[in-house]
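Here the protein sequences line up with chains R and U, keeping their order. Following the numbering used here, the numbering of the first sequence begins with 1 at its first residue and continues without gaps. Following the numbering used here, the numbering of the second sequence begins with 308 at its first residue and continues without gaps.
It is possible that part of the hints are untrue.
Computed Cβ-Cβ distance ranges for the label pairs, DEER-style [unchecked claim]:
no., chain 1, residue 1, chain 2, residue 2, range
1, U, Thr-400, R, Ala-97, 43 to 49 Å
2, R, Ser-61, U, Arg-598, 19 to 25 Å
3, U, Ser-461, R, Asp-171, 31 to 37 Å
4, U, Leu-586, R, Leu-94, 52 to 58 Å
5, U, Ala-599, R, Asp-287, 42 to 48 Å
Bear in mind the hints are in silico, worked out from the structure with no lab data behind them. All residues carry an ideal CB built from backbone N, CA and C; glycine is no exception.
There are 2 protein chains.
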Amino acid sequence: MSIVVVGSVAYDSVETPAGSAPDILGGAATYFSIAARFFAPVSVVAVVGSDFKAESRQVLSSHNIDLRGLEQRPGKTFRWHGRYHEDMNTRDTLSVALNVFEGFRPTLLPDQRRCDYLFLANINPELQASVLDQTQSPRLVAGDTMNKWIAESSAVLKKLLPRIDILTLNDEEARMLSGEHNLVRAGRAILKMGPKTLLVKRGEYGVLQFSSESMFAVPAYPLEEVIDPTGAGDTFAGGFMGFLARNGRVTESTLRTAVVYGSVMASFVVEKFGLDRLLSLSWEEIDNRYRAFIELTDSHHSRWISQ
Amino acid sequence: MSIVVVGSVAYDSVETPAGSAPDILGGAATYFSIAARFFAPVSVVAVVGSDFKAESRQVLSSHNIDLRGLEQRPGKTFRWHGRYHEDMNTRDTLSVALNVFEGFRPTLLPDQRRCDYLFLANINPELQASVLDQTQSPRLVAGDTMNKWIAESSAVLKKLLPRIDILTLNDEEARMLSGEHNLVRAGRAILKMGPKTLLVKRGEYGVLQFSSESMFAVPAYPLEEVIDPTGAGDTFAGGFMGFLARNGRVTESTLRTAVVYGSVMASFVVEKFGLDRLLSLSWEEIDNRYRAFIELTDSHHSRWISQ
Chain R
1 MSIVVVGSVA YDSVETPAGS APDILGGAAT YFSIAARFFA PVSVVAVVGS
51 DFKAESRQVL SSHNIDLRGL EQRPGKTFRW HGRYHEDMNT RDTLSVALNV
101 FEGFRPTLLP DQRRCDYLFL ANINPELQAS VLDQTQSPRL VAGDTMNKWI
151 AESSAVLKKL LPRIDILTLN DEEARMLSGE HNLVRAGRAI LKMGPKTLLV
201 KRGEYGVLQF SSESMFAVPA YPLEEVIDPT GAGDTFAGGF MGFLARNGRV
251 TESTLRTAVV YGSVMASFVV EKFGLDRLLS LSWEEIDNRY RAFIELTDSH
301 HSRWISQ
Chain U
308 MSIVVVGSVA YDSVETPAGS APDILGGAAT YFSIAARFFA PVSVVAVVGS
358 DFKAESRQVL SSHNIDLRGL EQRPGKTFRW HGRYHEDMNT RDTLSVALNV
408 FEGFRPTLLP DQRRCDYLFL ANINPELQAS VLDQTQSPRL VAGDTMNKWI
458 AESSAVLKKL LPRIDILTLN DEEARMLSGE HNLVRAGRAI LKMGPKTLLV
508 KRGEYGVLQF SSESMFAVPA YPLEEVIDPT GAGDTFAGGF MGFLARNGRV
558 TESTLRTAVV YGSVMASFVV EKFGLDRLLS LSWEEIDNRY RAFIELTDSH
608 HSRWISQ
């Protein structure tokens, strides 16, 4: 089943301890869709400026991403310039220019309104709500947000949360939204705000999934080298949502497997700058790392019990 | 099979954001043995001063810990005073007085020399080597160390490492010992120094186990409230080593289960100040949290495959 993603398509300039990459194709909707398309067809709703390169469009369309919803408007494409610290866990935004993204008013095409799987990447929660208003009861709605909206649009966001099945946040955002420092308490508090499932992304420390029935914790796949963490969270969401759309069922069991696939996809994207690693990735590589991930986290419990 | 642990028995004064506890029984050998004794008989080799309370001795002996190797000498018992920061991940040592521990020259009793399982808690690596010299080929030797010895006794430590089967370090110590910031590279470099298995303790982020064949990663059990992290690493080691001694075999599979039991024990000790939670703990509680831990980390892989 196909997925619709609404969010940013951008040009990023990234500096990390491993080097730098100026003006590369990025944005939440981009990372999400390049990851999700391994699992299911993806349709993007986004806006770019008149400077958006034919080459960038080609990157997306040649990977089977439906770009009918990629609006091109006079002006410049969203640009972000960031620099990561030595430990890669924190970064400074050196400059950000929303450009045409500032006037983004997402409009779904008729077939997108009937989508089954919808991912609301990090945009103003008012726009996320307006997207939901356009849809006809999707089977699954997942959404992301950021500290800015938690601080500035708290009321709108809290009204939106009961309409979202799965919310993704990083640990700091989870603390901020809930007002709880402890992540278990933060997770429980956020579930009471509406979403059925909460995914707390902890970077190199993995992911915590909260649902009413249970908690699920996975480490991040340990890598020998991290080149560029940009887009890891959206790539995670793409693998996660992609697996659910491909599987077709949402249960505790498929949610957990989806978290593993999301973690697998995120472990690839950080190995090179920007989209480079995802664009060269094969299904065989995904499958091998999925197996390695399962082996990494397998406590051999059943083997011990059976002895 | 029984375990011998060599290390500190101390009085700690602990301040955490949750409160404070002055002059409570602590020390690496204490936490280790109170955790390990749930799984196997434990014998302690340590030194205390003339101020060591009969009540403290009673705490240990009433929990079936063999204290024949607990030497009492004129002078004061080792004292440590520390304060944890708001996030509980870092702490400041406000004062430390080695007292009689400064002159500690561990001497094993004849039956301790023939022990099968030996844990060398964090003491001067020269002393750790002298303990090994006294033993008659134990089946398994595990050891801990700290930044001080890595900085000041690097040569002695590196000569000791090939004699240790399982080394436990925290992430900063692993980085310092290996000179590698990346933990995967750090882990591989340390395995080349001698130990067959390396356990990297990451506090609230869990444990990474490195062996020549594989990596194993577990998260820490997410808790709603952490009261006092003191002793968590030694409690982990106690649960880990305890399970291995009880099981009797050291395989990739039992090592992984041991990491889970270590994590389970560590998740209890931080719930109250000092030893309080471990002293009130029942086997049923351990078993319940073990099951909860397995459920927490179970990716439901096999269920998905079988569908």
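Do the hints match the structure? See the list:
1. As the Cβ distance of Thr-400 of chain U to Ala-97 of chain R is approximately 47 Å, the hint placing it in 43 to 49 Å holds.
2. Between Ser-61 of chain R and Arg-598 of chain U the beta carbon distance is about 49 Å. The supplied range of 19 to 25 Å is therefore violated.
3. The supplied range of 31 to 37 Å is met by Ser-461 of chain U and Asp-171 of chain R, whose beta-carbon atoms lie about 35 Å from each other.
4. Separated by about 53 Å at the C-beta atoms, Leu-586 of chain U and Leu-94 of chain R satisfy the suggested range of 52 to 58 Å.
5. For Ala-599 of chain U and Asp-287 of chain R, the Cβ-Cβ distance of about 30 Å falls outside the hinted range of 42 to 48 Å, so the restraint is violated.
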